[in-house]
Amino acid sequence: MADATSLPQAPLPPRRSPLDAVWVAGDYGAAAVGGPGVTMLRRSGLSSVQLDARRGTAASLRAAVAGALGLALPGPGRAASGGEVRALWLGPDRWMLLAEDTFALEAKLRAAAEPAGGVVVDQSHGRTILRLSGPAVREVLAKGTGVDLHPRAFAEDAVAQTGLFHLAVTLDRRRGTGTFDVHGMRGFAQSLFESLCEAAAEFGYRLSE
Amino acid sequence: MAEYSVLSLVRNALGGHRRWIRAWRDPEPKKRYDVLIVGGGGHGLATAYYLARNHGITDVAVLEKGWIGGGNVGRNTTIVRSNYLLDGNNHFYEHSLKLWEGLSRELNYNVMFSQRGVLNLAHSDGQMDAYARRGNAMRLNGVDSELLDRNGVRRLYPYLDYSANARFPIYGGLLQPRGGTARHDAVAWGFARGADRLGVDIIQNCEVTGFERSGDRITGVQTTRGTIGCGRVGMAVAGNTSRVAQMAGLELPIESHVLQAFVTEPLKPLIDGVITFGAGHFYISQSDKGGLVLGGDIDFYNSYAQRGNLPTVEHVMANGCAMMPNLRRLRILRSWGGIMDMSMDGSPIISKTPIDNLYLNAGWCYGGFKATPGSGWVFAHTIAEDRPHRFNEPLSLGRFTTGHLLDEGGKGPTPKLH
Amino acid sequence: MIRIPCPYCGPRDHDEFSYAGDATKVRPADPAAATPEDWHRYVYLRDNPRGAHLEYWHHVQGCRAYVKVLRDTATHEVLAAGLPSDDLPFEDLEAGR
Amino acid sequence: MTGSDQSHRLPTGGAIDRRRPLAFRFDGREYRGYAGDTLASALLANGVRVVGRSFKYHRPRGVLTAGPEEPNALVELRGGARIEPNTRATMVELFHGLEATSQNRWPSLRFDALEVNDLLSRFLVAGFYYKTFMGFPGWHFWEQRIRAAAGMGRGTTEPDPDGYETMNAHCDVLVVGGGPAGLAAALAAGRTGARVMLLEETDGLGGRLRSDRETLNGTPAMRWAEAAAFELVDLPEVTVLTRTTGFGIYDGNVVGAVERVADHLPVPPAHMVRQRLWHIRPRRVIVAAGAIERPLVFGGNDRPGVMQAGAVRTYLNRYAVAPGRQAVVVANNDDGYRTALDLAAAGIHVAQVVDTRSAGRGEWWRRAVDAGLDVVDRAAVTNAYGRMGLVGCDVTRLDGNGGTAGNGRFVPCDLIASSGGWTPSIHLHSHAGGKAEWDDAIAAFVPGPGRAGVTTIGAAAGRFALSDCLADGFRVGAEAARDCGFGSGTAPDAPVADEASVAPLQAIWSVPGTPGRKVKRFVDHQDDVTVEDIELAHREGFVSVEHLKRYTTLGMGTDQGKTSNTAGHALMAGLRGRPIPAVGTTTFRPPYTPVAMGAFAGRAAGRHLAPIRRTALHDWHAANGVVFVEAGPWLRPQYYLRPGETNSREAMDRAITEEVVATRTRVGISDVSSLGKIDVQGPDAAEFLNRVYCNGFARLPVGKARYGLMLREDGLVDDDGTTSRLADTHFLMTTTTVHAAEVLADLEWYLQVVWPELDVRVSSVTEQWAGMALAGPRARDVLAAALDPGTADVSNEALPFLGVTTTATVRGVPVRIFRISFSGELGYEVNAPADWGIDVWEALMHAGEPHGIRPYGLEAMGIMRIEKGHVAGAELDGRTTPDDLGLGRMASTAKWYVGRGMLGKPAYTDPDRPKLVGLVPVDGRTRIRAGAILVADPDAPTPIPKLGHVTSSAYLSPTVGHPISLALLARGRERIGEEVWAVFPTRSQRIRARVTEPCFVDPEGEKLHG
Ligand SMILES: Cc1cc2nc3c(=O)[nH]c(=O)nc-3n(C[C@H](O)[C@H](O)[C@H](O)COP(=O)(O)OP(=O)(O)OC[C@H]3O[C@@H](n4cnc5c(N)ncnc54)[C@H](O)[C@@H]3O)c2cc1C
Ligand SMILES: NC(=O)c1ccc[n+]([C@@H]2O[C@H](COP(=O)([O-])OP(=O)(O)OC[C@H]3O[C@@H](n4cnc5c(N)ncnc54)[C@H](O)[C@@H]3O)[C@@H](O)[C@H]2O)c1
Ligand SMILES: Cc1cc2nc3c(=O)[nH]c(=O)nc-3n(C[C@H](O)[C@H](O)[C@H](O)COP(=O)(O)O)c2cc1C
Ligand SMILES: [Zn+2]
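Chains as they are written, first to last, in the UniProt record's numbering: chain A, 1 to 209; chain B, 1 to 418; chain C, 1 to 97; chain D, 1 to 1010.
This is chain A alone, in the form it adopts within the complex (with noise of 0.2 Å):
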């Protein structure tokens, strides 16, 4: 059933995140010298919608999604942008597809993938999305996951779904040097972050608005 998606009449709230409790811009930790070890930023209103192949469709969901989005779906392990839209693989016939809007990518997909076997799931408000950048992102991220984030291992958008600090994450590697964005479940968003937090201070972080 279509769910209350036919975009909404009235102003809708703006959208809450869970650190806002917790997040108070400005820079922490060890004073490093040439600035902030790692920057952290909320990547905040997106739309996140999980769209899976059912059994036998992977190739005309390709397809569909290709003619709507133009974007090739990726492989296993790997991210691809199109457009306005990028897409993480996240597992066998799954994807997570993400857009800097409210409803809009949902219902794209939901008109052109829903007919080629596509299973859509909005998971917008579900994932907690936090783009790292800097020059001691790795050193950070690397205590708290065992992929291999050396470029050599883990280049520009490789994906991974992999615990972080003992939680399910998503890591994307964002082109350019040394930016990933950590998407986390909405619920351990606080402690994720404050581990985060935790492993940068050596460096030095900056949480940006």
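These aren't lab readings, by the way, just hints derived from the structure by calculation. Beta carbons: idealized from backbone N, C-alpha and C, even for Gly. Some hints could be false.
Said to hold, decoys possible - Result set (SDA-like, lysine to any residue): computed pairs, CA atoms no more than 25 Å apart in a straight line:
hint : chain 1 : residue 1 : chain 2 : residue 2
1    : D       : K131      : B       : A13
2    : B       : K268      : D       : A507
3    : B       : K268      : D       : R29
4    : D       : K946      : D       : R994
5    : D       : K131      : B       : D272
6    : B       : K98       : B       : S351
7    : C       : K25       : C       : E37
8    : B       : K411      : D       : G886
9    : D       : K435      : C       : D72
10   : D       : K435      : D       : M388
11   : D       : K895      : C       : R41
12   : D       : K895      : D       : T646
13   : B       : K416      : B       : R217
14   : D       : K946      : B       : P388
15   : B       : K411      : D       : R994
16   : B       : K268      : D       : T157
17   : D       : K520      : D       : G386
18   : A       : K108      : D       : P906
19   : C       : K25       : D       : K895
20   : D       : K520      : D       : G703
21   : B       : K268      : D       : P137
22   : C       : K25       : C       : L88
23   : D       : K946      : D       : G886
24   : B       : K352      : B       : T401
25   : D       : K518      : B       : G117
26   : B       : K268      : B       : G117
27   : B       : K416      : C       : H40
28   : B       : K31       : B       : T209
Claimed, not checked - Derived coverage of chain C by chain B (criterion: at least 3 residues anywhere in the stretch with Cβ under 8 Å from a Cβ of chain B; other residues may be distant):
hint : stretch
29   : 5–15
30   : 30–44
31   : 71–78
Given the structure of chain A, go ahead and fit chains B, C and D with the ligands onto it with the hints provided.
This is chains B, C and D with the ligands only, laid out in the frame that chain A set:
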């Protein structure tokens, strides 16, 4: 004069300790024995001892593939208690605990059984209720138990984490004052010496590699030291149960898993009794030598390797340090593992088997050390009388078919969860 | 750390997975035709071999696939890994054991 | 003690920084050392000889070694909450203000009351405690005394103030050990561009080169090591970690290592952890851990002043410390000559060089003789004298048959440098399951076949010549890199070592005593295991090395037998008349050297033990008087205090009662976000649910919800929850909070493994939706008022009990509304996208204000579900069947579902099984607590037969006005109306209880449907 006593010690000291004799003989295996016990761990040795002592059956050999006590009896965290919820377990373990209370004198061997109290911590109302139920059930069975509130726990152990920083606050606990620890190696050696003195042959470096069958009966066992004939066979090989059972064509409700244990550098007395954390698997006590002996969860995968991996080590330590934040600077001296025969309901099996003269003692999971004397007692009875003792009737193999499970944790047939 | 080569994610630490046990156990295909004895064997009995063991690991913190792993329970060495539908060389190993 | 200010510091030399003197204290007395010293070298520089007491006999002991194998010089480092007992003085880098205290002595190091044990030692032989303490007054009495005497250092009861963390690493080649072999390996691998890590336990690279005066191409070999270190640092893919011990190899060749980040500092500065635990996942491991010297076993070989020869060289050359002024050197290998020459070069009088061999006259012997040293061979030190410090020793000829010839000659000395050969550090090789093989040439175990990907080189492989170590390193390093796809595998050229040829070692496992003299010959210094103890163990049948270890405690101290095991095992082999390899060695276990528990725990300490899961409504609760309670990972509202109210028992009781009353009479709202929510979609979704639930789901209409019960494969109840059909092929399943993750994993299991033919996709949407239960007679009014007009009709007709609507919006936010209820009231569960959860909650609160709405927490929810007889965790305890819970009729007979095959088991159908019932106190007042046991006769003799137990209880049901409980009672349904005893012996309680139906409120469900 008892063979071992203060006086004999003094007398021998004056003689330069030259007159002590072997604690147990090192005989060549005979061609045949009335009863063969496979496995020279605590249970096998205790069974042999009680066969001779309680049933007068002395034509017995214990066959051990390595050195006696080299299995789990020699690598466990030595916690002895009888604080079980379900009657089937509680009566059995309490019988065992009573035997512990007289064991050193019985064996003329100091097994250092020390009733320093076993305390289980609770971290939620639900857990307090569950402990209350257990404590109450124990009392109705005549077993000691005390329900402590948070202050009661604090009086016993002032240095646990009562701070606001504790992730899982301490609500209270269940104390069994008669619980405690024993010197694990001494238990194996004491039973071995006791059995030996009653005529039992203890045969080391003798691995059982197969069974000789005649119809539904076992006529002998093949070993690395030749074939040995027998009237009856009792199997008490703990982590190796499935392998030996397979030689007899039995498939059992058992998986083998590795449990790690740890000891710290020796310290002056720091922890008096046994404490277990309730918000994660962790238990700790202090050995008489001074090392803190601690353990936690199994490694969660089938294993026959007596060693585990870092995630479990770290998990155990994290739980320990959360319960007692003063542990963090203390150092782990040694870690090791033992292979545990995890049964499908988490409770032991002491039972007859589909094979007439083959008897099974297995499924000990985390907790068979405390059972050692009791297990030997009822297993000897089962072998001698060809029927279970009343305390091991509920521990039959048949319960998995009938559904009379003894699932203390309610975890179902998932061994890694017990 | 056992390193498990997830067919999708590549080698990962075993603590990203949750152990799901013996993969040689096959659930009775036609439950109505299965006898109590069949259920008993499926639910309770285990081969529990020392050596090559065919087992499932669930990549819970990863792609959430159930991965079939052939692992030596004596050494913890991973001998092969695949999907539930894959045939791993278990029989060969068993025969040679 | 003769300590004046650095009286034993050599005037020149050493790798210490004489411009940086550091003050420190030992046992309260102030001393000075230099940067670059260890605590041990600084104590020796100050002439401090006795630093500790042995474990059992409390014998005064001095520094024996210069490394991690130190068994004697254990101190309590620092103090207070930072105290570190049993710290090896040889491994502590000196820092300004360091405080150390000697341990295992009372009242002082000099006068230790328990030294009486040394006099009683003939009684306190190995295993004496097994033979006594069995009678009056009982073991417990003696145990207290023995425990007080045992142990070593003191722990603290205060929390450790410092931090720890974990670090993960990957590399192509990992080299453990930064001596010449390890440096060469790291260089060879690093130059290829491979990712290389090098671990070194001490503070600097060089290994034995830091201690020995070896040369390469005529220049000190240490120069080469320094150059190598510089080159490594410059290679971009090479990581060098000093102060880092590789403590164990685990499966997958993952190496655990601990980095002592701040242990060389007085306290860790802000944001710096004390220690860091590394998980290193290398493709190839090269172990270059070096070798450990063995002391010779002779009478009095534990006297303060007896030291390992290699350690003597370390103190001389690296620390510029004279460990004595008058030395005797004794060895069974050429190390004696090396050491004697170094002593002489440092200007220390070498009174005698003793070679126990009959065939030791090689090039080193010649050098010693040429240097004018007094050399005697076929002789040994047979006894050493001096309680608080060595004063001399007997040197006696050996007769070549294991005895002595003639009387010993007394040689005055304050230092004995002894070497019994070197034992390769095969620990890591062994952790990885590698075999140990006996090498007669060096009389030690060397690595045999081992795990693929792990190679041991240099001294750790029994190759002691510097040239061999370098050659090994370069070759194996290059090969390892090549195996990872880097370089050609060709070893770089090694520099040429200027080495004298070595005369073979001749093992001597214990030196015979001087006839007629009772002497103690220590094999294991720390645990006071003597040659006589080993003989006793043999006599009593403890002849396997494992029995020997456990009976005598050989090798069980903090040093784990690093200096003692080889001799101990060899002695047993001798007694048994068997070759040493046949007797074998005990098992090597991690950690290589002791590792702090905090390092393993990492950041998972205190409240970080487990991550905290917060609901989307958390911030609202926090701002509105909530008291949270831990529910697994979740923090959930337990109850709400009034503004400004402080928490107390009374406040809690009142809050809970008010919350129940408000909900039952008006309207309440609670946060149910933590319930598991699983999105189930696909053409086979209905069939799938039909198989996993015991009740039917195939024909659930779209827009309807149904309560479902799930069994485990063994037929017992697993989980319950309502599942709604949102569209023909789309369901939303809910689960209990605790089982949410497990249920999802089970569903995935069935879909991926058991029924791959079903076309269904499942995913967790727990986090996507905030869940709120709105309940009470006014719930509909509140809901209707909160909805954006026209978005949904929630009238009883349009949205009857178990109806579902997904069209509504609240403040523009799309919500899902399910008409279901746990409290038994008219109720709705409203799900809102989590980021707007608080907005929707506030809208409902706002709409509820005129109706007196109250938020309610878990306690009130618990009471209301007990009032309704709804089962929860305490009843779904993994031991109950559907029928036990009164849900037997739910289990379909028309279809197959998980668990059905088991339900016929005799025990499950036994009429005596406990069944769910209600209980009320006959006196109408006394609470029957959960955990009470139900019995027919509380005065029956023990064991008292049990009829069941109380699962859940409400101390007061505000609705019915008295306490109520749920229980599982044998033949319970037949006993309704009867009375039983509920006993609670741990609180000395027995209560008469009447058995009732399990539902206390609105049994017909009128409220629900109204
Ligand atoms: C780390 C750890 C901690 C534990 N902590 C506790 C605790 O605190 N309290 C508690 O009560 N219990 C504890 N246990 C459980 C307890 O140690 C065991 O349940 C108990 O020791 C098992 O019985 P056993 O002594 O007979 O076994 P074992 O000592 O293992 O004896 C079995 C013997 O059989 C031999 N064997 C195997 N196969 C053959 C063969 N084919 N031929 C000949 N011989 C064979 C083995 O070599 C072994 O010696 C713990 C276990 C472990 C591993
Ligand atoms: N005189 C002799 O007979 C004799 C005997 C043995 C060695 N040696 C000499 O010693 C040197 C041996 O060279 P090498 O490189 O093989 O060994 P080494 O002893 O020089 O270096 C080993 C290094 O590894 C470190 N180490 C040990 N275990 C570690 C661990 N688990 N984690 C981290 N670091 C660890 C040690 O601190 C040390 O620095 C050569 O110079 C050789 O000639 C001489
Ligand atoms: C209760 C207990 C206390 C122990 N105390 C020590 C100890 O103080 N020192 C030590 O080296 N090992 C100690 N161990 C561990 C043993 O050395 C050994 O690791 C264990 O028995 C397993 O044997 P294995 O390592 O040879 O396989 C202890 C073991 C147990 C069960
Ligand atoms: Zn995966």
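Keeping to a limit of 25 Å between CA atoms, is the pair of B:K268 and B:G117 held or broken? 19 Å, holds
25 Å Cα cutoff - pair B:K268, D:P137: With a Cα-Cα distance of about 23 Å, the restraint between B:K268 and D:P137 holds, given a limit of 25 Å.
Does the alpha-carbon distance linking D:K520 and D:G703 stay inside the 25 Å limit? Not satisfied, since the Cα-Cα distance of roughly 88 Å exceeds 25 Å.
Does C:D72 lie within 25 Å of D:K435 when you go C-alpha to C-alpha? 18 Å, holds
Would the hint linking B:K268 and D:T157 be met if the CA-CA limit is 25 Å? Measuring from Cα to Cα gives roughly 12 Å; hence the hint holds.
Within a Cα-Cα threshold of 25 Å, do B:K352 and B:T401 meet the stated pairing? It holds: about 14 Å lies between the C-alpha atoms, which stays within 25 Å.
Tell me if the straight-line CA distance from B:K31 to B:T209 falls inside 25 Å. Between B:K31 and B:T209 the Cα gap is close to 16 Å, so the pair holds against 25 Å.
Would you mind confirming whether the straight-line C-alpha gap from B:K268 to D:R29 stays at or under 25 Å? Given that 25 Å is the threshold and the Cα spacing comes to 24 Å, the pair holds.
Next pair to validate is D:K518 with B:G117; report whether the Cα-Cα distance is within 25 Å. It is violated: about 44 Å lies between the C-alpha atoms, which goes past 25 Å.
Does D:G886 lie within 25 Å of D:K946 when you go C-alpha to C-alpha? 21 Å, holds
Is the straight-line distance between the alpha-carbon of C:K25 and that of C:E37 25 Å or less? Status holds; Cα separation ~14 Å.
Keeping to a limit of 25 Å between CA atoms, is the pair of B:K98 and B:S351 held or broken? 22 Å, holds
Checked against the numbered hints listed earlier, the structure breaks hints 2, 10, 12, 13, 15, 18, 20, 25; every other hint is satisfied.
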